[in-house]
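One-letter residues, chain by chain:
There are 2 protein chains.
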Amino acid sequence: MEFVRIGIIGLGNMGSSHCIQIHIEHKVPGLKLAAVCDISEERREWAGREFPGVPVFEHATDMYQSGLIDAVLVAVPHYDHPSLSIEAFSHGLHVLVEKPAGVYTKQVLMMNAAAAKSDKVFCIMYNQRTNPVYQKLRELVQDGELGELKRVVWIVTDWYRPQAYHDSGSWRSTWKGEGGGTLINQNPHNLDLLQWILGMPKRLRSFVSFGKYYNIEVEDDVTAYLEYANGASGVYITSTGESPGTNRLELSGDRGKIVVENNKITFHRNRIPEREHNRSNTEPFKRPEAWVCDIPVVGTNEDHVGIMKSFTQAILKGTPLLSPGEEGIHGLTISNAIHYSTWTNDWVDLEQFNHDHFHELLLERIQHSKVEKKLSQKVVDVTGTY
Amino acid sequence: MEFVRIGIIGLGNMGSSHCIQIHIEHKVPGLKLAAVCDISEERREWAGREFPGVPVFEHATDMYQSGLIDAVLVAVPHYDHPSLSIEAFSHGLHVLVEKPAGVYTKQVLMMNAAAAKSDKVFCIMYNQRTNPVYQKLRELVQDGELGELKRVVWIVTDWYRPQAYHDSGSWRSTWKGEGGGTLINQNPHNLDLLQWILGMPKRLRSFVSFGKYYNIEVEDDVTAYLEYANGASGVYITSTGESPGTNRLELSGDRGKIVVENNKITFHRNRIPEREHNRSNTEPFKRPEAWVCDIPVVGTNEDHVGIMKSFTQAILKGTPLLSPGEEGIHGLTISNAIHYSTWTNDWVDLEQFNHDHFHELLLERIQHSKVEKKLSQKVVDVTGTY
Chain A
1 MEFVRIGIIG LGNMGSSHCI QIHIEHKVPG LKLAAVCDIS EERREWAGRE
51 FPGVPVFEHA TDMYQSGLID AVLVAVPHYD HPSLSIEAFS HGLHVLVEKP
101 AGVYTKQVLM MNAAAAKSDK VFCIMYNQRT NPVYQKLREL VQDGELGELK
151 RVVWIVTDWY RPQAYHDSGS WRSTWKGEGG GTLINQNPHN LDLLQWILGM
201 PKRLRSFVSF GKYYNIEVED DVTAYLEYAN GASGVYITST GESPGTNRLE
251 LSGDRGKIVV ENNKITFHRN RIPEREHNRS NTEPFKRPEA WVCDIPVVGT
301 NEDHVGIMKS FTQAILKGTP LLSPGEEGIH GLTISNAIHY STWTNDWVDL
351 EQFNHDHFHE LLLERIQHSK VEKKLSQKVV DVTGTY
Chain B
1 MEFVRIGIIG LGNMGSSHCI QIHIEHKVPG LKLAAVCDIS EERREWAGRE
51 FPGVPVFEHA TDMYQSGLID AVLVAVPHYD HPSLSIEAFS HGLHVLVEKP
101 AGVYTKQVLM MNAAAAKSDK VFCIMYNQRT NPVYQKLREL VQDGELGELK
151 RVVWIVTDWY RPQAYHDSGS WRSTWKGEGG GTLINQNPHN LDLLQWILGM
201 PKRLRSFVSF GKYYNIEVED DVTAYLEYAN GASGVYITST GESPGTNRLE
251 LSGDRGKIVV ENNKITFHRN RIPEREHNRS NTEPFKRPEA WVCDIPVVGT
301 NEDHVGIMKS FTQAILKGTP LLSPGEEGIH GLTISNAIHY STWTNDWVDL
351 EQFNHDHFHE LLLERIQHSK VEKKLSQKVV DVTGTY
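Taken in order, these protein sequences are the chains called A and B.
Note that UniProt numbering has the first sequence beginning at 1, numbered continuously upward.
Note that UniProt numbering has the second sequence beginning at 1, numbered continuously upward.
Isolated chain A (complex conformation) (with noise of 0.2 Å):
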């Protein structure tokens, strides 16, 4: 195989933004536009005027039987990523479904029981993962640098969306349209990357507030508790209402602190662990000495172009993927979880997660939800925004 033929289903935001770069810009080597998809005929003739030559199909499935793609990018509405990404498998096709993997636990475990039956290529769309500075921050606590963890704090307040946000898609922050708010929208990016950097935590207490900050029914103001395997302590801070916001990470470990902020990482490192000098100090008052290091960060940050060069390279060469699809499921069960514990006011066991249960109380919340927008979609250019 010489190129990967893509089509690519659902021309909103990020669906159409993901066409230009392949077709327009040329962006991705060895990957072609060969077909787009869109229930929306006014993004049909959208796509028809931008891309003359490709295929726009209606219907999903007739893209999928049409022979003239080998894979799928998914960027149609959360909802409907799993089963979008389930039926591509069946066609024999390689599926990158855009993040959130799903918007409940549930269906995204039947979207990687799919995958695991498949001998296709299975990616998602975390291009916060080509940032260099998490990928160094990533190396550092992966080859023991900072020491055993002893907490982490992410104040992730930068998510701003005004009301206007808010208002400018029938979807947009319902449950029925999204399944949830900044948690399922904004925030997957940072609840992959913890879950990616640390692992998972074994249980959290969440604190939510829905329609804090705006008229909306889904959250826009989160803390959680977290608590590791280990009995390192974490906070996860997130608004959309708070601006201008912070972005802060802060990881604390036995071999000092690192801190990532403005995109840099800074390395308070503790000369000797703290466990071992604790054990052997025998003054009240004396601290490990620790060196304030500037830690460099080399690379460029591709975003969605590096997923999909890792995407397009898995598939023609087998390459390891930056980003595979079956890890979806892991900051969507943090993601879930949060909701679940304001919902259930109660510790939620990450191991344990009950997704049927949390299934139910969602559906609850489509069911009994008020909101009647009548508003229609549009499509704005999202440059910088995610």
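Keep in mind that the hints were calculated from the coordinates and are not lab data.
One or more hints might be untrue.
Where chains are identical, the list cannot tell them apart; a pair therefore holds if satisfied intra-copy or between any two copies.
In silico DSBU-like links for lysine-lysine, alpha-carbon gap of 35 Å or less [unchecked claim]:
#1 K370 / K286
#2 K286 / K27
#3 K286 / K212
#4 K286 / K176
Dock chain B against chain A, hints included.
Chain B alone, transformed into the frame defined by chain A:
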């Protein structure tokens, strides 16, 4: 009255340091060290050598009745702060009490009642109120510069105390000796500043670990989730087990975000308030413009000397106290509530705090304590540790 004759009761780390600042270094104009008192013979002998001519007492009552003093500085172990202060008021003495006001709110309510009945000056050693950084921050908040509070996150993990510290006194880090760990020993300053700057939270829920990092029975790791009456949320994090640790206070409000770290105040100021922007804005991804402002901090941090000066001037000239004794109950209520929430595994409403039940649960812990420390007290230089 030309000067205030003060008696200092308790010649441990803090009391000894106060004696030296007053009597040897003459740092507090108008304040004269007129007597000292300690139950330890060794400490009385030390005082006799260091401060020749200053009367030395073994028992507080004798010093109180001596007619030699107008005021007392109570620097004994925490549990005895209220009782010795109450007795001092009954002898017509002005009282400066070390922090914390007491170990449990029930006893502090009694102390405040005694102070209210007295016409004497009552002050508490919240020496961090003299820090011009926190004074400036308070001014910004109280003048409305931040706008309505949305969130506070205070990471106070720079109170590192190794095992050698916990082993340095038989009373240290025990329920019986101190009535708690880092909440009652190091954090009273921060919890006071928190309420001094923002007012009291309405309710909280906590996640406290006891003896997580050290061989102690009391807490050394704390996370608390706070809610304010206006709906603002907060997180307070502290630990004695991390080094180098962090002291970073972030306030997020309608008019921007203020970050205090490394004794610097940075105000990310919105050009127009976020709520106003949100009402008029029609663009889905548009934020208010924010300016990064370095806030000037003027003045010196006089610390304990500053509080002793304020106390002296209040007695001599009737000037307002920087740190009225009656306000000691606020930070202690937060502290007690953080213990109580973990003990009862429930929310704590601070306006309806169950003072009696907290006290009962504390007594249970004292009763069931298995700690037997064989170590004796050692007075160490505490410069720069409070």
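Hint-by-hint comparison with the structure:
{"no.": "1", "hint": "K370 / K286", "in the structure": "between (59 Å within a copy, 27 Å between copies)"}
{"no.": "2", "hint": "K286 / K27", "in the structure": "between (55 Å within a copy, 28 Å between copies)"}
{"no.": "3", "hint": "K286 / K212", "in the structure": "between (45 Å within a copy, 19 Å between copies)"}
{"no.": "4", "hint": "K286 / K176", "in the structure": "between (56 Å within a copy, 25 Å between copies)"}
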